[in-house]
Amino acid sequence: MRVALFVTCVNDALFPSTGVATVRLLERLGVAVDFPAAQSCCGQPQFNTGYRTEAAPLVRRTVRAFAGHDHVVTPSGSCAAMVRRHYGKFGAEAADLAPRVYELTEFLVDVLGVTDVGAYFPHRVTYHPSCHGLRLLGLGERPRRLLEAVKGLELVELPGAEECCGFGGTFAVKNPDVSAAMGADKITNALSTGAEVLCGADNSCLLHVGGMLRRREAPLRALHLAEILASTEEEPWR
Amino acid sequence: MSGTFVGMPAFPEAAREAVGDTTLRANLRHATRTIRDKRARAVAELDDWAALREAGKRIKDETLRHLDAHLLRLEESVTAAGGTVHWAADAAEANRIVTDLVKATGETEVVKVKSMATQEIGLNEHLEAEGIRAYETDLAELIVQLGEDRPSHILVPAIHRNRGEIRDVFREKMGSWGRPAPEGLSDTPAELAEAARLHLREKFLRAKVGISGANFMVAETGTLVVVESEGNGRMCLTLPETLVSVVGIEKVVPTWRDLEVFLQTLPRSSTAERMNPYTSMWTGTTDGDGPSAFHLVLLDNGRTDALADEVGRQALRCIRCSACLNVCPVYERAGGHAYGSVYPGPIGAILTPQLRGTASEVDASLPYASSLCGACYEVCPVAIDIPEVLVHLREKVADQGGKGHRLEKAAIKASTWVLDHPGALGAGERLASATRKLHPKRLPGPGVGPWSESRDLPGLPAEPFRDWWRKNRT
Amino acid sequence: MTDSRARVLARIRTAVADAPGAVPVARDYRTAHAPDDPARLLDLLHENLADYRAHVHRTTPDGVAGLVARLLAERGARSVVVPPGLPEEWLATAEAVRRSDEPRLTPYELDGADAVVTGCAVAIAETGTIVLDGGAGQGRRALTLVPDLHLCVVRAPEQVVASVPLALPRLDPGRPLTWISGPSATSDIELDRVEGVHGPRTLEVLLVTSG
Numbered sequence: 001m002r003v004a005l006f007v008t009c010v011n012d013a014l015f016p017s018t019g020v021a022t023v024r025l026l027e028r029l030g031v032a033v034d035f036p037a038a039q040s041c042c043g044q045p046q047f048n049t050g051y052r053t054e055a056a057p058l059v060r061r062t063v064r065a066f067a068g069h070d071h072v073v074t075p076s077g078s079c080a081a082m083v084r085r086h087y088g089k090f091g092a093e094a095a096d097l098a099p100r101v102y103e104l105t106e107f108l109v110d111v112l113g114v115t116d117v118g119a120y121f122p123h124r125v126t127y128h129p130s131c132h133g134l135r136l137l138g139l140g141e142r143p144r145r146l147l148e149a150v151k152g153l154e155l156v157e158l159p160g161a162e163e164c165c166g167f168g169g170t171f172a173v174k175n176p177d178v179s180a181a182m183g184a185d186k187i188t189n190a191l192s193t194g195a196e197v198l199c200g201a202d203n204s205c206l207l208h209v210g211g212m213l214r215r216r217e218a219p220l221r222a223l224h225l226a227e228i229l230a231s232t233e234e235e236p237w238r
Numbered sequence: 239m240s241g242t243f244v245g246m247p248a249f250p251e252a253a254r255e256a257v258g259d260t261t262l263r264a265n266l267r268h269a270t271r272t273i274r275d276k277r278a279r280a281v282a283e284l285d286d287w288a289a290l291r292e293a294g295k296r297i298k299d300e301t302l303r304h305l306d307a308h309l310l311r312l313e314e315s316v317t318a319a320g321g322t323v324h325w326a327a328d329a330a331e332a333n334r335i336v337t338d339l340v341k342a343t344g345e346t347e348v349v350k351v352k353s354m355a356t357q358e359i360g361l362n363e364h365l366e367a368e369g370i371r372a373y374e375t376d377l378a379e380l381i382v383q384l385g386e387d388r389p390s391h392i393l394v395p396a397i398h399r400n401r402g403e404i405r406d407v408f409r410e411k412m413g414s415w416g417r418p419a420p421e422g423l424s425d426t427p428a429e430l431a432e433a434a435r436l437h438l439r440e441k442f443l444r445a446k447v448g449i450s451g452a453n454f455m456v457a458e459t460g461t462l463v464v465v466e467s468e469g470n471g472r473m474c475l476t477l478p479e480t481l482v483s484v485v486g487i488e489k490v491v492p493t494w495r496d497l498e499v500f501l502q503t504l505p506r507s508s509t510a511e512r513m514n515p516y517t518s519m520w521t522g523t524t525d526g527d528g529p530s531a532f533h534l535v536l537l538d539n540g541r542t543d544a545l546a547d548e549v550g551r552q553a554l555r556c557i558r559c560s561a562c563l564n565v566c567p568v569y570e571r572a573g574g575h576a577y578g579s580v581y582p583g584p585i586g587a588i589l590t591p592q593l594r595g596t597a598s599e600v601d602a603s604l605p606y607a608s609s610l611c612g613a614c615y616e617v618c619p620v621a622i623d624i625p626e627v628l629v630h631l632r633e634k635v636a637d638q639g640g641k642g643h644r645l646e647k648a649a650i651k652a653s654t655w656v657l658d659h660p661g662a663l664g665a666g667e668r669l670a671s672a673t674r675k676l677h678p679k680r681l682p683g684p685g686v687g688p689w690s691e692s693r694d695l696p697g698l699p700a701e702p703f704r705d706w707w708r709k710n711r712t
Numbered sequence: 713m714t715d716s717r718a719r720v721l722a723r724i725r726t727a728v729a730d731a732p733g734a735v736p737v738a739r740d741y742r743t744a745h746a747p748d749d750p751a752r753l754l755d756l757l758h759e760n761l762a763d764y765r766a767h768v769h770r771t772t773p774d775g776v777a778g779l780v781a782r783l784l785a786e787r788g789a790r791s792v793v794v795p796p797g798l799p800e801e802w803l804a805t806a807e808a809v810r811r812s813d814e815p816r817l818t819p820y821e822l823d824g825a826d827a828v829v830t831g832c833a834v835a836i837a838e839t840g841t842i843v844l845d846g847g848a849g850q851g852r853r854a855l856t857l858v859p860d861l862h863l864c865v866v867r868a869p870e871q872v873v874a875s876v877p878l879a880l881p882r883l884d885p886g887r888p889l890t891w892i893s894g895p896s897a898t899s900d901i902e903l904d905r906v907e908g909v910h911g912p913r914t915l916e917v918l919l920v921t922s923g
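For the protein sequence lines, the chains are A, B and C, in the order given. First residue of the first sequence: 1, per our numbering; consecutive thereafter. First residue of the second sequence: 239, per our numbering; consecutive thereafter. First residue of the third sequence: 713, per our numbering; consecutive thereafter.
There could be a bad hint or two in this list.
Derived DSS-like pairs: lysine-lysine, alpha-carbon spacing no greater than 25 Å straight-line [as the list claims (entries may be wrong)]:
no., chain 1, residue 1, chain 2, residue 2
1, B, LYS634, A, LYS89
2, A, LYS89, B, LYS446
3, B, LYS634, B, LYS651
4, B, LYS647, B, LYS634
5, B, LYS441, A, LYS89
6, B, LYS276, B, LYS411
7, B, LYS411, B, LYS441
8, B, LYS276, B, LYS341
For the record, the hints were derived by calculation from the structure and aren't laboratory data.
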């Protein structure tokens with residue numbers, strides 16, 4: 001099995017460790033990984049802010065970058081949702097990419113058929129299902145099943161899990177007060193679990209929530225699911 | 239006289255105030271969370287919910303596609319049953335029609351059933367200016383009217399008030415509108431409801447003119463439907479001699495049978511009940527039962543503009559259940575007033591800019607009043623894809639330029655250029671990484687400043703992913 | 713006025729001129745969620761009425777008069793409104809003063825009455841709803857609205873249906889219809905339901921089965 005990694009622009013620039021973890025995880029599971037260097041941003045920020053025309057060149061670039069790849073894997077529910085739900089609005093070629101893009105947990109559970117990826121992560125973890133993964137992709141129990149199979153990991157329920165963290169792309173900039181209020185409630189809930197790690201499958205949300213946790217110097221850190229799944233007894237993740 | 243929304247600031251500024259109001263936050267949090275869980279349980283009782291939702295969506299779409307024909311049929315049926323149909327192109331015309339009808343009766347007061355359409359057109363204020371006093375009779379509307387407040391929720395306009403605040407409004411204000419609040423009124427909901435019963439009863443008994451909206455109008459039969467809980471609707475629809483109903487043109491459904499869908503989905507979505515306590519259905523006038531004169535005012539007021547928008551027209555499917563408000567994390571924190579319209583919440587954010595246009599600052603800010611989390615779409619009983627319409631309206635606002643959007647467009651274009659040139663992108667990332675020790679945790683400057691008031695940026699990584707890949711995998 | 717009629721209709725026609733044809737309505741939802749079994753439907757109706765704070769009683773045709781008399785007495789109702797066409801035997805033993813609606817009582821007179829006794833047109837088990845259509849023994853709408861106590865007699869199984877889709881075809885849209893699901897209530901204070909606002913605060917439902 002050979003896949004193309006769609007690392008996403010946020011991960012490329014701000015969270016390269018998530019990309020590295022995704023590569024290690026997939027390779028450990030016997031998957032050959034390509035990284036088409038022509039890839040960039042999927043165009044979601046522009047599209048969701050009302051700049052469809054400005055998103056179009058990025059959509060075209062993304063489509064070209066992954067031409068010829070049957071399985072494109074991305075550690076971002078949000079970017080996967082952009083391709084799957086909205087690329088159809090950018091013509092037939094763009095629409096054709098949609099069914100070939102898999103969010104990481106979809107790829108693991110649905111294509112590889114694994115839930116136990118052989119990971120080891122001896123920590124108390126709570127999981128925030130980001131809105132786009134939850135409602136646009138319908139990831140359902142996939143992330144939870146993967147986490148439950150991680151050796152040493154104690155998964156604790158996040159109260160109000162299905163509520164938005166308040167990031168919402170440019171929403172956080174255009175409506176900073178409401179965004180911060182939503183984020184504050186999210187971390188209050190996360191802290192109430194007593195977890196050491198707040199896990200998610202979308203680093204843009206974790207950028208927002210993690211930033212608030214750092215500001216408060218809270219005893220809880222945000223970490224992408226891929227990095228937990230990449231962690232093993234032999235090679236523990238940080 | 240209740241306040242109006244004229245001259246509202248843009249959503250972010252109004253929301254900032256609401257976010258800082260701890261009482262308001264607690265009131266909204268308590269109320270929306272109470273109803274959220276109940277709605278989920280009421281919906282889960284029906285294992286064919288998805289099919290009902292799809293049928294509701296299609297009935298409304300079919301209605302809108304042939305709206306002219308359905309309205310003409312409705313007009314014919316209502317007229318045949320003894321009613322009179324009026325057409326109002328805008329708010330001013332609707333207000334004029336209603337005022338003339340009331341004046342023709344010689345009355346100077348009317349009792350009102352809670353109605354979004356009459357709030358939208360500012361009917362009470364217009365009647366007041368013409369010397370006619372309109373009494374709101376829905377409990378929440380009464381609270382808003384007595385408190386000289388503004389509505390903040392479609393179903394429960396006084397949702398921003400808790401029981402203690404309601405008791406204070408009743409104690410202070412009821413006396414100047416009629417029967418005062420009972421001595422020693424407490425803040426228990428039962429006592430507050432009893433106070434409203436006593437206060438309004440004298441008004442119901444003497445009322446000669448009632449004014450209502452309607453939840454549905456059946457084209458085939460000419461039947462109007464009002465769904466309510468308290469019985470104030472029944473009072474206004476039944477006891478007066480003259481009834482005037484002001485209804486948006488999108489409220490028509492083609493057939494009697496179509497009600498079988500909405501009478502299942504509306505109560506469960508709005509009050510989380512299997513069925514609301516009272517539903518009234520009437521067709522024209524009936525000898526010896528209820529008003530002897532019935533007038534139906536069909537209201538456009540921007541609806542045909544929304545209808546002309548191929549993406550936005552789905553907002554006209556709305557049956558005003560409020561489920562999207564109750565589930566919305568932005569509404570819960572910003573409150574209804576921030577939306578600057580009688581239609582708050584997610585549905586308001588797509589309906590108001592279509593009905594009023596996006597010329598004002600608040601209306602242009604509404605499409606951005608959402609994190610696009612999608613919870614509203616999930617609960618909508620007529621499957622309005624609210625996030626889709628929000629993004630579509632953002633395109634329209636961005637296209638029209640205006641405050642902030644020209645600069646934003648330039649910035650977006652620049653970001654697109656950089657992102658479309660991975661060479662430049664990689665160079666920028668590497669430059670950023672190399673100088674990362676110099677980067678502040680908090681961003682300076684307008685726009686991003688507020689963002690970093692409550693968050694720290696992550697430390698920039700040593701190298702971007704593409705460099706790691708090049709060094710380790712090629 | 714006619715100008716606006718033409719204007720609105722023209723705007724509509726322009727607005728949808730290029731719209732795609734609508735998808736046909738599929739009615740693949742259920743006709744009913746409850747089993748097609750009269751005894752179980754009656755139990756469900758009973759349960760759902762009670763869930764929304766109606767007081768529900770079971771009796772036989774012979775027991776109606778005694779039950780009506782007892783309920784009126786227990787509630788302290790001294791006067792009762794009698795809609796035209798109400799079976800006389802239902803009030804045969806009641807002590808309350810009868811107030812006939814012929815000629816029509818004024819709203820103030822209705823407000824002075826303690827109770828009203830009616831039949832109904834149909835009852836819906838799944839939602840705990842009683843529908844009145846102003847037919848014989850039900851009276852005009854105001855009768856079941858202004859007095860604070862409403863006693864409603866439902867004849868089972870013939871008046872009981874499972875669901876809303878099964879109720880609508882049995883109703884005549886030409887008549888004024890009132891759908892009642894429990895006593896008057898409101899959710900306007902903190903979105904929490906409390907019973908008792910403008911409509912009758914007490915709803916007594918008598919489910920009558922023969923045999």
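Structure-based check of all given hints:
no., hint, in the structure
1, B:LYS634 with A:LYS89, "16 Å, holds"
2, A:LYS89 with B:LYS446, "56 Å, violated"
3, B:LYS634 with B:LYS651, "17 Å, holds"
4, B:LYS647 with B:LYS634, "13 Å, holds"
5, B:LYS441 with A:LYS89, "56 Å, violated"
6, B:LYS276 with B:LYS411, "33 Å, violated"
7, B:LYS411 with B:LYS441, "16 Å, holds"
8, B:LYS276 with B:LYS341, "44 Å, violated"
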